[in-house]
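Student: Sequence:
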Amino acid sequence: MAAPGTCTHTWKIIKSDTNIIVWNCNGCHSGPHPFIYECEKCKVQYCRPCTSKPRA
993 MAAPGTCTHT WKIIKSDTNI IVWNCNGCHS GPHPFIYECE KCKVQYCRPC
1043 TSKPRA
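The numbering used here numbers the first residue of the sequence shown as 993 and each following residue consecutively.
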């Protein structure tokens, strides 16, 4: 699930109501997070700080 370099990310938030499903950030590898931002186009998952960082 690597993000293509040409993707113009469109973020949607994915939330979990339980402690069973948690996510780790694909950018900085932080986590576990009860919610994560996923690109609707390339499906990469980032935490909130990583969604605002410029990517190469």
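Some clues are possibly wrong.
[What the hints assert, rightly or not] For lysine to any residue, the following SDA-like pairs were computed, each having C-alpha atoms within a straight-line distance of at most 25 Å:
hint	residue 1	residue 2
1	K1033	W1015
2	K1035	G1023
3	K1004	P1041
4	K1033	S1022
5	K1045	T998
6	K1045	G1019
7	K1004	C1039
8	K1035	P1046
9	K1045	I1012
10	K1033	S1044
[As the list claims (entries may be wrong)] Restraint ranges, calculated between C-beta atoms of paired labels, are given here:
hint	residue 1	residue 2	range
11	P1026	T998	17 to 25 Å
12	P1046	T1010	30 to 38 Å
13	P1024	K1004	13 to 21 Å
14	E1032	D1009	18 to 26 Å
15	P1041	T1000	16 to 24 Å
Rather than coming from a laboratory, the hints here were simulated on the basis of the structure.
Idealized CB from N, CA, C, for every residue including glycine.
Student: With reference to the structure, classify each hint as holding or not holding.
Tutor: Going down the list of hints, with the structure as the test:
The hinted pair formed by K1033 and W1015 meets the criterion: a straight-line CA distance of about 18 Å does not exceed 25 Å. The straight-line distance between the Cα atoms of K1035 and G1023 is roughly 18 Å, inside the 25 Å bound, and the hint therefore holds. Our distance criterion of 25 Å between C-alpha atoms is met by K1004 and P1041, whose separation comes to about 14 Å. The hinted pair formed by K1033 and S1022 meets the criterion: a straight-line CA distance of about 22 Å does not exceed 25 Å.
Simply put, K1045 and T998 have alpha-carbon atoms about 15 Å apart, close enough for the 25 Å limit, and the pair holds. Proximity of K1045 to G1019 is assessed by CA-CA distance (about 10 Å); at most 25 Å being required, the pair is judged to hold. Simply put, K1004 and C1039 have alpha-carbon atoms about 11 Å apart, close enough for the 25 Å limit, and the pair holds. Straight-line distance between C-alpha atoms of K1035 and P1046 comes to about 17 Å, which keeps the hinted pair within the 25 Å bound.
About 28 Å separates the Cα atoms of K1045 and I1012, which puts this hinted pair outside 25 Å; it is violated. Simply put, K1033 and S1044 have alpha-carbon atoms about 17 Å apart, close enough for the 25 Å limit, and the pair holds. One distance hint, 17 to 25 Å for the beta-carbon pair P1026 and T998, is violated here, with the actual separation near 31 Å. Hint check: P1046 to T1010, Cβ distance near 34 Å, so the stated range 30 to 38 Å holds.
The hint said 13 to 21 Å for the Cβ distance between P1024 and K1004, and at roughly 19 Å that hint holds. Under the hint 18 to 26 Å, the C-beta atoms of E1032 and D1009, about 21 Å apart, fit the expected range. A beta carbon spacing of about 19 Å between P1041 and T1000 agrees with the range 16 to 24 Å that was offered as a hint.
Hints 9, 11 from the earlier list are contradicted by this structure; the remaining hints agree with it.
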